[in-house]
Amino acid sequence: MPIQDIKAIAAFGMQYERARVEAAGRNIATASMPLPVSATQSQVYVVKTEGLSMTFETLLLGNRGAPQVVTEFADSKYVYSPNDSHADANGMVRRPDIDTTQQMLDIVSATRAYEANMRVYNSASAMGQKALEIGSGR
Amino acid sequence: MFVESATLNTLIVALDIQKARQTTAAYNVANYSRGDLATIELEFDTLLSALLAADNNVIIRQALAAGVESYASVKHQEAGSVSMEELIMSSERAESRYKATAEILDRHLALIHLSVKGN
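Line by line, the protein sequences give chains P and V. Using this note's numbering, count along the first sequence one by one with no gaps and you end on 138. Using this note's numbering, count along the second sequence one by one with no gaps and you end on 119.
None of these hints come from the bench; they were simulated from the model. Certain hints may be false.
[What the hints assert, rightly or not] Listed next, the stretches of chain P that the computed footprint assigns to chain V, with coverage defined by at least 3 CB atoms under 8 Å from CB atoms of chain V:
(1) 14 to 21
(2) 104 to 115
(3) 123 to 137
[Unchecked claim] Derived, one-sided and incomplete: chain V residues facing chain P with beta-carbon distance under 10 Å:
(4) Tyr27
(5) Arg34
(6) Ser81
(7) Val82
(8) Glu85
(9) Leu87
(10) Ile88
(11) Glu95
(12) Ser96
(13) Lys99
(14) Glu103
(15) Leu105
(16) Leu109
(17) Ser115
(18) Gly118
Beta carbons: idealized from backbone N, C-alpha and C, even for Gly.
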């Protein structure tokens, strides 16, 4: 169980949280984008990674898939917005069903988790540094 | 010198234990968003007494060190029972204990070095 493994796990955690922020950012950017009235589904951005479906044991062996931001289909919503240039005859517009507040909360929690992973990474670095110092005084 | 060897082995296993704790903490922090956390079950007293009884038997020491690694990899627990702050604190505890143990090991090596020079 080398210290490099600990740092690799923390680095994987940072990659994952960065991908979460990216996905939430893209979702917020597309939240108010109008869709064709007939579209019952829209695309949302989610983070996919093999690493998170793995057990502790396999993750330790170094098989960590890089997190990727991918699109998935989700329900769209039909809202009343008569001033919108894309509104139909009834003043209704179809938009992606994205809760921007939830996406903002995701960004905040991902940022905090990123910082936590960074602290673990720094702790592992400090441990490695200390291990190198053993016996160096002689 | 026989006693020193046993002490060195004990200290090295203690370092392994802190490394196992840090690995578990890193896994838990990285997987916190997913909600699958691992716990580390270490029977340190058992390990220590077995180690002292084994004196400086390298094979037994290696088996114990391997045991430390397997202890760190077995149990999973539900998320929500532990906060991110607690996970970070466990990581920092492992780091400070690792540093303290490394410091003791370093001083112990210095003493052995002095006694070898004295002889």
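Here is what the structure says about each hint:
Three residues within the 8 Å Cβ limit are the bar, and the region 14 to 21 of chain P against chain V gives 3, so the coverage statement holds. For the region 104 to 115 of chain P, the stated coverage by chain V is satisfied: 4 residues place a CB nearer than 8 Å to a CB of that chain, which reaches the threshold of 3. For a cut-off of 8 Å, the count of residues in the region 123 to 137 of chain P with a CB near a CB of chain V stands at 10, and the three-residue condition holds. The criterion of a C-beta within 10 Å of any C-beta in chain P is met by V:Tyr27, whose closest approach is roughly 6 Å, and the hint holds.
The beta carbon of V:Arg34 comes within 5 Å of a beta carbon in chain P, closer than 10 Å, and the hint placing it at the interface holds. Taking 10 Å as the C-beta contact cut-off toward chain P, the hint placing V:Ser81 at the interface is violated, the least distance being around 17 Å. The interface hint given for V:Val82 is violated, since its Cβ lies 13 Å from the closest Cβ of chain P, which is over the 10 Å cut-off. Residue-level restraint check for V:Glu85 holds (minimum Cβ-Cβ distance to chain P is 9 Å; threshold 10 Å).
The beta carbon of V:Leu87 is positioned within 10 Å of a beta carbon in chain P (closest approach about 7 Å), and the interface hint is therefore held. Interface restraint check: V:Ile88 against chain P, minimum CB-CB distance 5 Å, threshold 10 Å, status holds. Interface hint at V:Glu95: satisfied, since its Cβ lies 4 Å from the closest Cβ of chain P, which is below the 10 Å cut-off. For the restraint placing V:Ser96 at the interface with chain P, the shortest Cβ-Cβ distance is roughly 9 Å, inside the 10 Å limit, so the hint holds.
Interface restraint check for V:Lys99: the shortest CB-CB distance to chain P comes to about 5 Å, inside 10 Å, so the restraint holds. Checking V:Glu103 against chain P: minimum C-beta separation of about 8 Å stays under 10 Å; hint holds. At its closest, the beta carbon of V:Leu105 sits 6 Å from a beta carbon of chain P; the interface hint therefore holds under the 10 Å criterion. Interface restraint check for V:Leu109: the shortest CB-CB distance to chain P comes to about 5 Å, inside 10 Å, so the restraint holds.
Interface hint at V:Ser115: violated, since its Cβ lies 13 Å from the closest Cβ of chain P, which is beyond the 10 Å cut-off. For V:Gly118, the interface hint is violated, the least distance from its beta-carbon to any beta-carbon of chain P being 14 Å, above 10 Å.
Hints 6, 7, 17 and 18 from the list above are not met by this structure, while the remaining hints are.
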